[in-house]
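S.K.: So the chains spell out like this:
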Amino acid sequence: MFPELNNLLNTSPDSVEQGTLTLLCDAGTDGSFLVHHFLSFYLKANCKVCFVALVQSFSHYNVVGQKLGVSLTSARERGQLVFLEGLKSSVDVVLRAEAEPHPLGFLREAGAGNLQPLYEFVREALEPVDCREAAWRSPVLLVDDLSVLLGLGVGAVAVLDFIHYCRATVCCSLQGSIVALVHDSGDAEDEESDVLLNGLSHQSHLILRAEGLATGFCRDVHGQLRILWRRPSPPTAARRDRSLTFQYKIQDKSVSFFARGMSPAVL
Amino acid sequence: MNSPPLSLGAGQQVMTPSKGVGERKIRRLEMLESVLALGGLVLLRDSVEWEGRSLLKALIKKSALRGEQVHVLGCEVSEEEFREGFDSSINSQLVYHDLFRDPLNWSKTGEALPGGPLGVLRAMCSRTGPGPVTIALDSLSWLLLHLPCTTVCQTLHALSHQDSRPGDSSPVEHVHVLGLLHGELHGPGPMGTLSALARTEVTLSGTRSQASAHILYRRPQQRPTHEVDPTTHLTFNLHLSKKEKEAKDSLTLPFQFSSEKQQALLCRGLGQATSHIFYEPDAYDDLDQEDPDDDLDI
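Line order of the protein sequences matches chains A and B.
In case it helps, UniProt numbering puts the first sequence at residues 1 to 267.
In case it helps, UniProt numbering puts the second sequence at residues 1 to 298.
Warning: the hint list may mix true and false statements.
Claimed, not checked - Stretch by stretch, here's where chain B covers chain A in the computed footprint (C-beta under 8 Å, at least three residues):
#, region
1, 157-163
2, 223-231
3, 259-265
To be verified - List time: in silico EDC-like cross-link candidates among lysine to aspartate or glutamate, alpha-carbon distance up to 20 Å:
#, chain 1, residue 1, chain 2, residue 2
4, B, Lys62, B, Glu33
5, B, Lys108, A, Asp220
6, A, Lys67, A, Glu100
7, B, Lys61, B, Glu49
8, A, Lys44, A, Glu77
9, B, Lys61, B, Asp102
10, A, Lys67, A, Glu4
11, B, Lys108, A, Glu77
12, B, Lys62, B, Glu49
13, B, Lys108, A, Glu4
14, B, Lys62, A, Asp220
Claimed, not checked - Example chain B residues on the side facing chain A (calculated, C-beta under 7 Å, incomplete):
#, residue
15, Ser78
16, Glu79
17, Lys108
18, Leu118
19, Val120
20, Leu147
21, Cys149
22, His182
Note that these hints are calculated values from the structure, not bench results.
Heads up, the beta-carbon is just placed ideally off N, CA and C, and yes, glycines get one too.
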């Protein structure tokens with residue numbers, strides 16, 4: 001986890017907000033550093049994490065996690081981390097007998113996919129089985145990333161329904177949190193991607209948007225991060241949503257954030 | 001409001017709320033009253049940056065305080081989250097139809113509402129009880145994503161016209177349908193259709209720290225009760241007598257090509273004079289007796 005990002009978000013592993021949906025979004029740049037941040041953050045906060053990793057292999061996340069001070073292997077062994085490795089298990093779906101339900105079973109379906117098996121997988125992973133599970137703090141669902149599902153032929157509404165059910169179970173019933181990454185392709189013709197991004201934005205409590213600089217690649221400033229706090233259902237209309245923008249530079253083991261135009265290389 | 005409402009000819013009014021600090025509470029109540037003034041469908045269009053659920057809840061609170069029964073179709077937030085902020089008297093008047101926990105019947109425990117989203121909507125169309133009623137749809141966007149647009153529009157129409165006499169196309173004053181719509185999720189087609197159905201449309205936007213609501217009212221057009229006869233009250237006579245009407249009807253127009261005319265042109269009958277050209281050459285004319293069109297084989 002990146003301490004500077006914790007300061008910006010006003011969180012720490014000791015005080016974790018519960019029942020929230022955090023949307024990570026990237027446009028024109030790679031926002032996966034945010035995924036690594038939240039993965040290590042919640043593991044350090046002693047939460048039970050279900051990680052649906054569709055983009056990279058387990059060892060990739062493990063290597064990056066070790067740089068940030070967490071070991072995914074030992075977390076998985078002690079039961080704190082439930083890891084669905086999309087790249088490996090998608091092959092299993094094809095080679096397995098059809099009758100057995102599989103979280104990525106939509107890959108076999110000819111028509112528009114239904115993500116109910118994936119939701120059942122998440123629910124079983126995060127629901128407390130017996131009093132043994134009380135050792136962990138709140139459950140967390142982490143998805144990297146949802147745009148891959150669009151690319152695999154699942155409709156935007158099906159993905160929204162999946163997150164809807166996850167919210168109902170993880171955020172409302174279990175008082176946990178969800179963090180999901182979505183790509184903003186910036187392509188005006190990609191309606192499904194827009195519907196997914198906007199639909200999720202309306203349900204989110206926190207939106208972190210990593211954007212590339214409008215002026216192009218820069219060695220010292222890798223991009224811009226926009227943070228939007230919102231409450232989908234404020235009890236009173238008084239509270240105003242807050243929005244902040246920072247620029248960042250990704251280093252080997254950390255990410256440094258600074259106000260726009262205040263990069264140390266420039267000053 | 002500080003600025004007087006601008007009236008655009010077709011019976012629409014556009015009002016923007018004033019930003020005076022001291023009168024903010026009175027203005028807000030006036031605004032809520034004015035939004036609920038016309039019956040029928042009220043569309044609340046919000047965006048990611050300016051959410052509209054708080055306005056929806058404020059309108060629900062206003063309706064409940066007036067003693068109306070309130071039905072909420074909740075698709076996007078849980079019942080606890082929705083009821084947050086309402087005191088117990090309002091909560092007792094609020095009936096929450098829960099489409100959040102299990103809208104697609106994935107849990108198969110039998111707890112899901114029968115018929116799914118469409119069944120619940122249609123059940124609301126049947127009379128919910130005497131007296132004024134407010135139906136809040138949270139949200140219309142969720143319904144539009146899961147049901148065909150035509151079905152949603154037909155059901156909305158049925159909802160806001162319940163209890164009216166057949167053939168009467170104006171909605172009853174005491175039924176309010178409040179629909180929350182997320183502006184970025186739908187294309188111009190569904191948005192335009194819903195705008196046409198709505199009596200009142202509130203669009204939420206704002207600058208840095210100040211939210212603002214743009215309210216559009218659609219008042220029904222006055223229908224004319226009788227046809228105006230254009231030929232009366234003129235200084236000249238446009239009426240036709242019976243003989244003139246007959247002559248007019250039997251007239252063949254010169255450029256209308258009927259079969260009789262075709263025959264008349266093709267077969268020159270007896271007694272019809274052939275045409276003849278009288279030509280007087282003057283001094284400068286070159287009269288060539290040889291016909292230049294002689295080689296044409298007609």
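S.K.: Are the hints correct? Go through all of them and say.
M.R.: Outcome of the hint check:
1. 157-163: holds (count 3)
2. 223-231: holds (count 3)
3. 259-265: Since 0 is below three, the answer is violated.
4. B:Lys62 x B:Glu33: Cα-Cα ~8 Å, so holds.
5. B:Lys108 x A:Asp220: violated, 54 Å
6. A:Lys67 x A:Glu100: violated, 38 Å
7. B:Lys61 x B:Glu49: The given pair, whose Cα atoms are some 23 Å apart, is violated under the 20 Å limit.
8. A:Lys44 x A:Glu77: Answer holds: A:Lys44 to A:Glu77 is near 15 Å, not above 20 Å.
9. B:Lys61 x B:Asp102: Violated: B:Lys61 and B:Asp102 sit about 26 Å apart, past 20 Å.
10. A:Lys67 x A:Glu4: holds, 16 Å
11. B:Lys108 x A:Glu77: violated, 33 Å
12. B:Lys62 x B:Glu49: violated, 24 Å
13. B:Lys108 x A:Glu4: Not satisfied, since the Cα-Cα distance of roughly 45 Å exceeds 20 Å.
14. B:Lys62 x A:Asp220: Violated, at about 54 Å.
15. Ser78: holds, 5 Å
16. Glu79: Not OK, violated: B:Glu79 not within 7 Å of chain A, min 9 Å.
17. Lys108: violated, 10 Å
18. Leu118: violated, 15 Å
19. Val120: It is violated, given that the least Cβ distance between B:Val120 and chain A is near 16 Å, above 7 Å.
20. Leu147: violated, 11 Å
21. Cys149: Since the shortest Cβ distance to chain A is 13 Å, the answer is violated.
22. His182: Hint holds; B:His182 Cβ to chain A Cβ min 5 Å, cut 7 Å.
Of the numbered hints stated above, those contradicted by the structure are hints 3, 5, 6, 7, 9, 11, 12, 13, 14, 16, 17, 18, 19, 20 and 21, listed in ascending order.
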